[in-house]
Amino acid sequence: MTSLTDRYLAATLRTVPAPRRAEIADELRASIADMIEGRTAAGQDTAAAEREVLTELGHPDRLAAGYADRPLQLIGPTYYLVWASLLRRLLTVIPALVAVAVGVLKATLEEQPDEAIGAGIGAGVQAAVQITFWVTVAFAVLERTRTPLDLPAWSVDQLPEAPAERDVTLSDTCASIAFLLIILAYLPWQHYRSWVTDADGANLPILDPALWTSWLPALAAVLVASIVVEIVKYRTGRWTWPLVGVNAVLDLAFALPLGYLLLTDRLLNPALVDRFEWLREDGNTEMLTNVSVVVVAAVTIWSIAESLVKARRHRR
Amino acid sequence: MVSDDLLRTHLQELRRGTVVVASLIALRRPDYGYALLQRLTAHGFPVDANTLYPLLRRLEEQGLLASAWNTEESRPRKFYRTSDDGETVLGRLLDDLAAVQTSVTGLIEGVER
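Protein sequences, first through last, are from chains Z and V.
Note that our numbering numbers the first sequence so that position 265 is 265, with each residue one more than the last.
So the mapping is simple: our numbering equals the position in the second sequence, first residue as 1, plus 1000.
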């Protein structure tokens, strides 16, 4: 059986660069023998002394890293900030672009719209994982080769504009605009592709097609105006009283017609109601209408109240 | 009350560079790893074996230490000694150490005044 020292040396030298291995082996073996001797001279048993000495020398990989002058971290302080900011920049844009592109291709070219969202999300996640992996690998290699990056030094000119004054963040604005765009896109989308078909297999719009000549264009206009308000709000950086007013008018201009149409049973396509027995049953339509009206009212009140609170908070 | 861990961290930081200085001074008289370790410990520079052995190796690669194998005794050992370059660097390090001591003294006296 090989001795503990032999096993320790083998474990340490395994990761030391080959050209120096033999010499480090000889020296380390002599040092370990010296250390053991120092302990046995004090009256300790050889086996126990060997164990203690090797324990003191610690993990073989750590010792080998010391000999090879190898970092014990994946990405050290020299590269960490660059790695983090590069990753942040790539991850905020590319996965989303990939997801949208794949989703659109799936829905249009492959004509499988029902799988578009799943495929898009899957592709986006994969893109994020791949980006993270390869960027990290690249920086881990840089860390080990100690390649200087020669990036321009940080200067005070790079300081961002004081962000404290900003109540409205870019992410909030983007989320709101995306939400409005989705609703806006849904209006024509449901007309052509609702995935509900009539007895002949033709597409059945969800909303009453008659509304296209009356209310729907008006609602679409309100949505467009709301997008403009979001942009103005972002540029202003906070809620002002005029913005609160315009926002409230637009919220009501959307909610009141919607509530009116719901309560007078004019929103849903009559052909759609005919097609589904459940909708024709007594009380079901009423319940659906009431729930919808409550949701619309709650969302509208929430939106107006939030703008009021934020505008007041800023004034104080 | 300052925790022992915190204190140990600060002391380690303070001591970090002094192992190099102490080794360069001690190795004006050639010695091998374990004997150097004991000499340093005896002179108030306690240092871990797994820190010192790789450090000697690195200082040798940087040209601050020269080495030679001694095969006269029963066990062949690698003896290190401070090279001319090592002596130059040591001079600078000692100057700086003295400057730190002077500055600290000045600062202490300045505060007391």
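Incorrect hints may have been included.
To be verified - Simulated restraints, written as ranges between beta carbons of each label pair:
#1 V:E1013 / Z:I94: 40 to 46 Å
#2 Z:R7 / V:H1043: 53 to 59 Å
#3 Z:H59 / V:E1013: 18 to 24 Å
#4 Z:P71 / V:H1043: 30 to 36 Å
#5 V:A1099 / Z:R70: 32 to 38 Å
#6 V:T1088 / Z:G76: 27 to 33 Å
#7 V:A1099 / Z:A10: 44 to 50 Å
#8 Z:R313 / V:L1007: 42 to 48 Å
#9 Z:E52 / V:L1107: 24 to 30 Å
#10 V:L1007 / Z:E23: 37 to 43 Å
#11 V:T1088 / Z:I94: 24 to 30 Å
#12 V:T1088 / Z:E23: 42 to 48 Å
If you are wondering where the hints come from, they were derived from the structure by calculation, not from laboratory data.
Ideal Cβ placement from N, Cα and C applies to all residues, glycine included.
A quick look at each hint next to the structure:
At about 41 Å, the beta-carbon gap between V:E1013 and Z:I94 stays in the expected band of 40 to 46 Å. Look at Z:R7 against V:H1043: about 34 Å separates their beta carbons, and that is not inside 53 to 59 Å. The beta-carbon spacing between Z:H59 and V:E1013, approximately 23 Å, falls within the hinted interval of 18 to 24 Å. For Z:P71 and V:H1043, the Cβ-Cβ distance of about 31 Å falls inside the hinted range of 30 to 36 Å, so the restraint holds.
Roughly 33 Å separates the CB atoms of V:A1099 and Z:R70, a value that falls within the hinted 32 to 38 Å. In this structure the supplied range 27 to 33 Å holds for V:T1088 paired with Z:G76, their Cβ-Cβ distance being about 29 Å. Taken as a hint, the range 44 to 50 Å holds for the pair V:A1099 and Z:A10, whose Cβ atoms sit roughly 46 Å apart. Between Z:R313 and V:L1007, the C-beta spacing of about 45 Å keeps the proposed range 42 to 48 Å intact.
Distance hint for Z:E52 and V:L1107: a CB-CB separation of about 43 Å, inconsistent with the stated range 24 to 30 Å. Evaluation of the 37 to 43 Å hint for V:L1007 and Z:E23 yields a pass: the beta carbon distance comes to about 39 Å. About 52 Å separates the C-beta atoms of V:T1088 and Z:I94, a value inconsistent with the hinted range of 24 to 30 Å. Separation of V:T1088 from Z:E23 is about 26 Å and departs from the stated range, judged on CB atoms against 42 to 48 Å.
Of the numbered hints stated above, those contradicted by the structure are hints 2, 9, 11 and 12, listed in ascending order.
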